[in-house]
Amino acid sequence: MIPIDDSPLTRDGKVLILAYDHGLEHGPVDFEDVPASADPEHVFDVATHDAVTSLAVQKGIAEAYYPSYEDDVDLLAKLNGTSNLWRGEHDSAVNWSVDYAREVGASSVGFTVYGGSNNEIEMVEEFRDAQEAAHRNDMPVVMWSYPRGNGLRNASTPDTIAYAARLGLELGADVAKVKYPGSPDAMEETVRMAGKTKVVMSGGSKRSDEEFLSNVKSVIDAGGAGLAVGRNVFQRENPERLLDALEKVIFEESSVEEALEAAGQTATPEAE
Amino acid sequence: MIPIDDSPLTRDGKVLILAYDHGLEHGPVDFEDVPASADPEHVFDVATHDAVTSLAVQKGIAEAYYPSYEDDVDLLAKLNGTSNLWRGEHDSAVNWSVDYAREVGASSVGFTVYGGSNNEIEMVEEFRDAQEAAHRNDMPVVMWSYPRGNGLRNASTPDTIAYAARLGLELGADVAKVKYPGSPDAMEETVRMAGKTKVVMSGGSKRSDEEFLSNVKSVIDAGGAGLAVGRNVFQRENPERLLDALEKVIFEESSVEEALEAAGQTATPEAE
Amino acid sequence: MIPIDDSPLTRDGKVLILAYDHGLEHGPVDFEDVPASADPEHVFDVATHDAVTSLAVQKGIAEAYYPSYEDDVDLLAKLNGTSNLWRGEHDSAVNWSVDYAREVGASSVGFTVYGGSNNEIEMVEEFRDAQEAAHRNDMPVVMWSYPRGNGLRNASTPDTIAYAARLGLELGADVAKVKYPGSPDAMEETVRMAGKTKVVMSGGSKRSDEEFLSNVKSVIDAGGAGLAVGRNVFQRENPERLLDALEKVIFEESSVEEALEAAGQTATPEAE
Amino acid sequence: MIPIDDSPLTRDGKVLILAYDHGLEHGPVDFEDVPASADPEHVFDVATHDAVTSLAVQKGIAEAYYPSYEDDVDLLAKLNGTSNLWRGEHDSAVNWSVDYAREVGASSVGFTVYGGSNNEIEMVEEFRDAQEAAHRNDMPVVMWSYPRGNGLRNASTPDTIAYAARLGLELGADVAKVKYPGSPDAMEETVRMAGKTKVVMSGGSKRSDEEFLSNVKSVIDAGGAGLAVGRNVFQRENPERLLDALEKVIFEESSVEEALEAAGQTATPEAE
Amino acid sequence: MIPIDDSPLTRDGKVLILAYDHGLEHGPVDFEDVPASADPEHVFDVATHDAVTSLAVQKGIAEAYYPSYEDDVDLLAKLNGTSNLWRGEHDSAVNWSVDYAREVGASSVGFTVYGGSNNEIEMVEEFRDAQEAAHRNDMPVVMWSYPRGNGLRNASTPDTIAYAARLGLELGADVAKVKYPGSPDAMEETVRMAGKTKVVMSGGSKRSDEEFLSNVKSVIDAGGAGLAVGRNVFQRENPERLLDALEKVIFEESSVEEALEAAGQTATPEAE
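Keeping their order, the protein sequence lines are chains A, B, C, D and E.
First residue of the first sequence? That's 1 in the working numbering, and the numbers climb one at a time after it.
First residue of the second sequence? That's 1 in the working numbering, and the numbers climb one at a time after it.
First residue of the third sequence? That's 1 in the working numbering, and the numbers climb one at a time after it.
First residue of the fourth sequence? That's 1 in the working numbering, and the numbers climb one at a time after it.
First residue of the fifth sequence? That's 1 in the working numbering, and the numbers climb one at a time after it.
In short, the hints are calculated from the structure, not lab data.
Just to be clear, a hint being listed does not mean it is correct.
No distinction is drawn between identical chains; accordingly, a pair holds when it is met within one copy or between any pair of copies.
[Said to hold, decoys possible] Once the Cα atoms are required to be at most 20 Å apart in a straight line, the calculated EDC-like pairs of lysine to aspartate or glutamate come out as: (1) Lys217 with Glu257; (2) Lys196 with Glu70; (3) Lys196 with Asp221; (4) Lys179 with Asp12; (5) Lys196 with Glu237; (6) Lys206 with Glu103; (7) Lys196 with Glu25; (8) Lys217 with Asp99; (9) Lys217 with Glu258; (10) Lys196 with Glu41; (11) Lys179 with Asp91; (12) Lys217 with Glu32; (13) Lys179 with Asp99; (14) Lys217 with Glu261; (15) Lys206 with Asp185; (16) Lys206 with Glu125; (17) Lys206 with Asp91; (18) Lys217 with Asp33; (19) Lys179 with Glu261; (20) Lys196 with Glu122; (21) Lys217 with Asp138; (22) Lys196 with Asp45.
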C-alpha cells in the first residue's frame, strides 16, 4: 500500500484551489473584462491569501512565476489541458510530466478526464500513469472529472455528476472536482458516491457574493471538501474580501451571513 | 518455466471471488436498490467472510480502503475497466500497472478481454503485458473472458463460452471467468476446453438463493472451480448467510439443501 | 554477425514441427471430431515421438503443460495468434515476449506474417523485434508466411507462395512455413527463392496417409526441409504410426512405400 | 524549479534569429530568386554578423556546416518541420532529438506548434517532451506558434495571434515566434498576453528596408523582444547593411532613420 | 558535433552501391529473366568487384550470406522496405534496428523516405531514429529519397527530384539516392541543392551499356557522387565488364569511350 498524505492539498481536510489555466483553455478572451487578470503575478498575489490551499497552473506559468512565490503558495501542477483553437472530440494534451512538475516545485497534480468522450480510454490511461507517478512522489491527485463528449447525453444531471465523482474514487484521485449537481441532496449523494475521495465544486457561472457563498456553504454542509475556483475570485475587484469570506465558510463552518460580515461586506450582488 | 502458485487466489483449488467494480463499470445506478453497497467498507466487511477467497476492486478503491483490511481480505487487482459513459466499440482502459498493484498489496490480478471486439487484438496484447508482469511477481491471473463486440454474432452460445474459456488457457490465465453456458453439459465442456485453467462462473442475473446455489452447485459438479459474484452477494440483506451456504457448496461438496440448512435458511425466493 | 545454430529446431537439417494452436485460432470446433485432441496432454504425448523436432504452442499451453515434458519435447513458442471471433482485416496479436518464451523453456519461436494484409507493415515490424530478440537469445525463428488480406488477389498461386518463402529469407527467418504451391516444380522454385532459409510445408487439408506422405515426399525431393503439421497427425487414430512413416520420409530419404511398410501400414485411405 | 538562462538565445534581452529551414519547408523554389541562398555556407556567413543572436536550421544542415562556424554562430536547433510535398492536415515531423541537438552543438531549440490543427494535441505533447529535455539541458526553447488547420476560422486575427503568444507562455516556451498582428496596439496586447515569455515577430512578406525596419521598430516599441527572419535578410543583395540597421533598431533603441543612416542606406524600397 | 567519416561508403568521395532488395520489394518476378540472380551468393560475388563500394541488402540476406564475404564486401544495411503484396498508401516497414545491423557487420545504413506520402511524417521520424543511431555508431546514412504518394502530383519533375535531394541534406543523410532528373542541367541543380550531401543516381530503366554509362558519366560531370544500381549490373551476362567500365567512369574520370575500351567492350546495345 502506498499511503498518501493529502496535506499539501488540504487544510483541516478542506480544500480551496485557485485555478488559473484560462489562458490555455480559453485564451485572452477570458481576461478581457479584467485585463489585470492576464498577468500571472496578479493571480499569484491573490493565491498568497491564507484561504487558498493551492494554485493550479500550467507548466509554463509555473516555471516563469512560481520561483518568486515558493514560500507563500502551494503549487498544483495542472498536468493536461488544451486550447480551444482545437475543435475535435473532447481531449486534453498532457503538457508536463510528473517528474518535471516535482522539479518545478509542485506539491500536488491535477488532471482532466472527460468521461464519455471518444478519447475517454486514452485519457484514463494517461491519468493512470500520472496518478501512479504522483503517488510515488507523495503528491496527491485532483481529477477534474467532467463527463463530456459525443457519447454522452446528459453531462450535467445529478446522476452523471455523481458518476463523475465515483470515477475519481475508482481510478485513484484524492480529490474529485465536479460541477455542482443542482441541489444540496444531489451534492450529498455525489459526496457519498466518492467515498474517501474528497469532492470539490468547480466555480461555475458568475454570481453575487452571497449566492456564491451560499452555494459553497451547501457544498460544505453536504460533506464536500470545498471549492476550486477561478475567475469568480481573481477577477473580483477585491478578491481578498471574498477569500476572507470563503475562509470562514470552508474552514470555520461559519454561516454565509457571518462570513460576509467578518469580511466587511454586505450581501449585495456584484456584476462580473 | 515460471511456476505459479495460485494459492493466493484459491482454497483447496476452489475459488470465490467477490467482485466490486460496479461503481466504475455501471456507476451509482447499480447501488440504488441497496444504497449501503455504494460504501466500499460495506463490501470489504462482507469480503472478510471465510468463504471469499479474494475481493476484486479497482485501484482507487484498493488504495483508499484496503489498508484497513490487509489482514482479513485477499486483494485481486482488477487491472482494466471502463465507465459506461463511453459508447464506443467494446474496450477497457488499463487503470493500474501490475507493479503498482503489487505495491498496494494485491496478491492476484484480473483482466477483461472482449474476444470479437474490434479492440480484441489491442486488449489481448495489453493482457500479455499484464500476465507476464503478474507471473513474474508470483501473482495468478484471472481473465474476465467475455466475447462481445461488432464482429460477434452469438456471444452467449455454449460454443462461444467454451471458446472464451479456451482463450483463458491459450493466453495464460490461471482462472477464466465466463458466463454460465446454460446447462451442466455445456459447463462440463467449457471446463474441459479450459484444461488446467480453472473456470469460474460470473454471478449472472439475480435469482433466489436456492436457484443461485443450484447453479453454483452445477458449476462445481461440472468441474468448475467456483464463482465470481457481486451484487448477488453484497446486496443481499444478509450476505453472510448466503456466503455460509456458498462455502458449503463450493468448498465442502455439500448439496444445495445441506448448504441452505447449515446456513439456517429455507429455500424461499428473495427478490432483489 | 550473429551466428544462429538452428539445431534446436532441426535434426540433420530436417524439420517436423507439430503445431497445436487450434484452440486459439479456431476454438473448440477444431476438436469436435476427435475430442481427446482438446487435451494438451494428448498432444504433448504425441510430440514425444522422435520424429517431432518441436511442438508449437501458445504461451498458456506452454506454461501449464510444458514443465512435465521438458526432457522429451522441444518447445517452439508460437508468439502471435488471434481468435477467429475477431473479424477485422487479417492480423495477429503478439501473445508473449521472447524473453518470457525463453524463461518458459522455448528453444525456438514462431511468428505469423500476413503479407498483403493492411496490417502487413505493423506485423513485419513486430516480427523484426521478435526475430532480433530471438537471435540474440540463440533461438531460431520460424515464419508462418501466409499472404492474406484485402490487398491480395491470389494468395495461393505458386508465385505468391514463392514470394512468401522469399519474405522469410529477406526478413531473417531461419525457417519459412508456407502452403504447398501445387506441384513439385513450384515447390522447387519456392525452395530456390528461400535461399538458405529452410522451407517447410504446412499440413494442408486432410487426406489419406499415402497421399499425405507422397506430398511430404515431394517437398523433401524438392529440397524442402520438412513439415509443420497439426490435426493431420494428432487427430489420427494412431498418430505414432504416421509419425514413424514421416520419420522415414523426412529424415531417412525413404520412399513412401518403404515408409508405410516400415510403419506397418498398408496404403489405405483414412477418413478424418 | 528549473532556472533557465536564456542568454544563449538573447543579447541584452533582445533576439534576432536568422531562420533557414526553407529547403525543408518549401524546397528549392524558395531559392530561385537568389540562387546563392541555396548554399548553407552563404547563410552561415550572414549569421556571423553580430546582430544575429542565433541561426535556426534543421539537423542535416547543422551537422554538415556548423563545425566550421562553432566559434562565430549560436546554433538554434529547429527540431521539427515538414516538406510541402505532404498535403495532409497541418503537422510537423520531429526531425531530431534534443540530446542529439546538444551533441551537434545547439545552444537552444525551436519547435512549431499549429494550434487548431487536428494534430494540435499530438504536437503539443511532442513539444512537452522537447521542452522538458531542453530545459534539463539548459537550452532555452522557442515556439513557432502558428495557429493553423481545419478547426481554425481566423488564423491571423489579433485575438488568435495573442492566443498563440499566450500558448507559448502556458506551455513553457522562453520565446514565442508569432506573426505580426497588424498594429502596434495589437502587438502590445500580444506581448502582454505572453507575460515573461519573450515575443518575436516572424519575418513576414517582403518589403522595403524602411517598411521592414519600421515594422521591427514597432515590435520593439510594443515590448517585443525582436525578430526571427529568413529571406528578408539572407536574400538581400547586401544583408550586412540590413543587419547593421536591425542591430541599431533592436539592440540600441535607434529610430528607423538613425538605423538606416548608420548603415549607410537611404530609405529606398528594394524589390525582392 | 558528431563528425561522420563516410569512408565506409565511399572511395575518393565517390560511390557505387550495388542494391539487392528486389526479393523483398518486388518478389521472385524480378529474377525471372536471369534466374541465377535469385541466389544471393551470385550477387555477393558480383559485389566483390573493386568498383562496388558497398552492397545494400535486407537483414535476412545479410545474416545468412554476409559471413562468407566480410573481408571482401562492405555491407550497407537497407533498414526498411516492404513487399508489393501490400497495396496501401506508400510506406515501408523498418525491418532491422541499427544496433542489430552493426552486429551483423554493416558499415553503413540505407533508408527509404517517400516524401508526399500520407506516411511521410511517420517515415521521416523513423528516419530520424535510424539516422541518429547510425551516426552515433559512426555509420554513414543513405536516404533513398523518392517522392511518391497520394499528395504528390509530379514525382519525377526536376523540381521534385531536386527537392528530394535537399530533403537528404536537411534531414541528415550523408548520401541521397534519387532518380535521374532528365538532363545534365537538372542533375547539376539537384547536386547543388544537396550541398554537402552526396547525390547518387538510382539505376533506372534498363538500357545499353553505352547509354547507361553515358548517363552515369553525366551524373559525375554534374558533380554527383555516383550510382546505386541493381539489375542493370547483377543481371548482365558479364557484370564484371560493366563494373570495370563503371569504375573508370566514376572513380577515374574516364570518358565513356575510354571506359568501354578499357573494359574490352564495344558500344553495342544489350537487351535485358
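Hints, one by one, checked against the model:
no.: 1; hint: Lys217 with Glu257; result: within (11 Å within a copy, 56 Å between copies)
no.: 2; hint: Lys196 with Glu70; result: between (29 Å within a copy, 17 Å between copies)
no.: 3; hint: Lys196 with Asp221; result: within (16 Å within a copy, 41 Å between copies)
no.: 4; hint: Lys179 with Asp12; result: neither (23 Å within a copy, 47 Å between copies)
no.: 5; hint: Lys196 with Glu237; result: neither (36 Å within a copy, 24 Å between copies)
no.: 6; hint: Lys206 with Glu103; result: neither (35 Å within a copy, 44 Å between copies)
no.: 7; hint: Lys196 with Glu25; result: between (30 Å within a copy, 19 Å between copies)
no.: 8; hint: Lys217 with Asp99; result: neither (36 Å within a copy, 41 Å between copies)
no.: 9; hint: Lys217 with Glu258; result: within (12 Å within a copy, 56 Å between copies)
no.: 10; hint: Lys196 with Glu41; result: between (35 Å within a copy, 10 Å between copies)
no.: 11; hint: Lys179 with Asp91; result: within (18 Å within a copy, 27 Å between copies)
no.: 12; hint: Lys217 with Glu32; result: neither (30 Å within a copy, 27 Å between copies)
no.: 13; hint: Lys179 with Asp99; result: neither (29 Å within a copy, 34 Å between copies)
no.: 14; hint: Lys217 with Glu261; result: within (15 Å within a copy, 53 Å between copies)
no.: 15; hint: Lys206 with Asp185; result: neither (22 Å within a copy, 30 Å between copies)
no.: 16; hint: Lys206 with Glu125; result: neither (33 Å within a copy, 33 Å between copies)
no.: 17; hint: Lys206 with Asp91; result: neither (25 Å within a copy, 38 Å between copies)
no.: 18; hint: Lys217 with Asp33; result: neither (27 Å within a copy, 30 Å between copies)
no.: 19; hint: Lys179 with Glu261; result: neither (28 Å within a copy, 51 Å between copies)
no.: 20; hint: Lys196 with Glu122; result: neither (25 Å within a copy, 33 Å between copies)
no.: 21; hint: Lys217 with Asp138; result: neither (30 Å within a copy, 47 Å between copies)
no.: 22; hint: Lys196 with Asp45; result: between (32 Å within a copy, 16 Å between copies)
In terms of the numbered hints stated before, the structure departs from hints 4, 5, 6, 8, 12, 13, 15, 16, 17, 18, 19, 20 and 21, listed from lowest to highest.
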